[in-house]
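Q: The lines below spell out each chain.
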Amino acid sequence: MIKLKDMHTLVERAVSENNPLAPDIEKIVNHYAKLNRRFDKIVSLSDSYQSQLRDLNLRLELLAHTDSLTGINNRGHFMDLLSAELDRNRRHERVFSVLMLDLDHFKSVNDTYGHAVGDEALRTLPRVIQASRLRKSDFLGRIGGEEFAIALPETGIRGAFEVAEKIRANLERTAFIFGGEEHFMTASIGVSEYRHGDTEDTLLQRADHAMYRAKETGRNRVCLSD
Amino acid sequence: MEPIYIKATSSSPEINFEPDNNVLRIIGESYPENSFDFYAPVISWLKATLQELPELTLDIAVTYMNSSSTKCAFDIMDVLEEAHWRGIKTSIIWRYDRENERSYEMAEDFREEVTFPFEIEALST
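Protein chains in written order, with my numbering: chain L, 1 to 226; chain E, 1001 to 1125.
Honestly, the hints are just simulated from the structure, not real lab data. Misleading hints may appear alongside valid ones.
To be verified - The list that follows gives simulated cross-link-like pairs (lysine to aspartate or glutamate, EDC-like), each with its CA atoms no further than 16 Å apart:
| # | chain 1 | residue 1 | chain 2 | residue 2 |
| --- | --- | --- | --- | --- |
| 1 | L | Lys34 | E | Glu1112 |
| 2 | L | Lys215 | L | Asp104 |
| 3 | L | Lys41 | E | Asp1109 |
| 4 | L | Lys34 | E | Glu1081 |
| 5 | L | Lys41 | E | Glu1105 |
| 6 | E | Lys1071 | E | Glu1033 |
| 7 | L | Lys41 | E | Asp1078 |
| 8 | L | Lys34 | E | Glu1113 |
| 9 | L | Lys34 | E | Asp1109 |
| 10 | L | Lys34 | E | Asp1078 |
| 11 | E | Lys1089 | E | Glu1119 |
| 12 | L | Lys41 | L | Glu26 |
| 13 | L | Lys34 | E | Asp1075 |
Input sequences plus hints: build the corresponding full structure.
A: Right, dumping it as C-alpha cells:
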C-alpha cells in the first residue's frame, strides 16, 4: 500500500521531471486523497448515527421500566426484578424480605388538598425511602396508585422490620412543601420474609396482608406477616 | 421531466420533488436493505433534471442514515456540486434534530463537502 504522502512525492517528482503524465498523475492522486477523506467521513458519520440510535434505545428502555410520576421502577419492571431475585434465592438458599407500603389516607389528601399535593407526596416518598438506609442491592417500585413495594435481598424479617420502621419514622417526620405550606404523610407497612416455595405473588400477598393489618390497627405502623 | 416521487417506508425516506419552487425533499429515515438500489433512480433523475433546470434546492430532513445511505447522500451532493460548477443554482437545506447534540455537528460535517449554499436549520417537530 502506497501512503498518500508518498503519492504526493511521486507527483512532485513527475512535475519536476517534466513528465508528460504529471497532470494526469496529479489528478489521480488528488482524487484518491478525496476518496480517502470521504471514506473516513462516511465511517465517522455512521458511527455518530449509531451512537444516536444506542442512546435512543437506552432512553426507550428507561421509559419502559420507569413510573413517569416518581421516576422509580414501574410495576412491570419491579416484578421482573423480583422474579430474578426469587430465582437467585431458590438456587442459593438465601434470605430476603419484601415490604409493602401504602400511604395513609391518600384519597382524602387528594380530595382535601387536590391531586397536585397528592402527586408531590408520591414523589417525596421514594426519596424518603432511599434516604432510609437502603443498600445498593435493595430495589423499590410503585406497584399501585399509592402502593409501593421494596425488596431487601440478604435481609431477614428482623432486619427488614428495622428498615421498615426507619422508613415509617422518617416519613412521619418529613414535611413536604407544597404551595408554601408544609404537609406530612404517614404510611402503613407490611413485612414478609421469603419462604421456601414462595412465588412473587405469595410473598407479596403475605406482605400485603400484614400491611392491611397495619391499617386496621391504627395506621402509621409496621406489621410483620406471620 | 417527471417530478420524482417515492413513498416513505419504515426503512426509507420519502422522495418528493416540488416543481413550483424546484425543491427536492428527502424526509424520514434511511436504512433500506440496499441503499444503492434505492438511491440510483434518485441520482439519475437528479442528473437529468439538472440538465433542464436553472436551479434546484435539496431540502433534507433525515434523522437516521445507515452507512450506505450516508455514502449515497454524498453522491447526491457531488451531483449538485458538479451542477454548481456548470452555473446551476444549487443549494441545500439540511434539517437537524435540536434534541440531539451531535445532530448539528453532523450537518456541519456534511456541509464541508460542498462549496454551494448549505443552510442548517432545526427540524420543526
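Q: Would you mind marking each hint as holding or not holding in the structure?
A: Structure-based check of all given hints:
no.	hint	result
1	L/Lys34 <-> E/Glu1112	holds, 12 Å
2	L/Lys215 <-> L/Asp104	holds, 8 Å
3	L/Lys41 <-> E/Asp1109	holds, 8 Å
4	L/Lys34 <-> E/Glu1081	holds, 14 Å
5	L/Lys41 <-> E/Glu1105	holds, 12 Å
6	E/Lys1071 <-> E/Glu1033	holds, 14 Å
7	L/Lys41 <-> E/Asp1078	holds, 14 Å
8	L/Lys34 <-> E/Glu1113	holds, 10 Å
9	L/Lys34 <-> E/Asp1109	holds, 14 Å
10	L/Lys34 <-> E/Asp1078	holds, 12 Å
11	E/Lys1089 <-> E/Glu1119	holds, 14 Å
12	L/Lys41 <-> L/Glu26	violated, 22 Å
13	L/Lys34 <-> E/Asp1075	holds, 13 Å
When the structure is compared with the earlier hints, a violation turns up for hint 12 alone.
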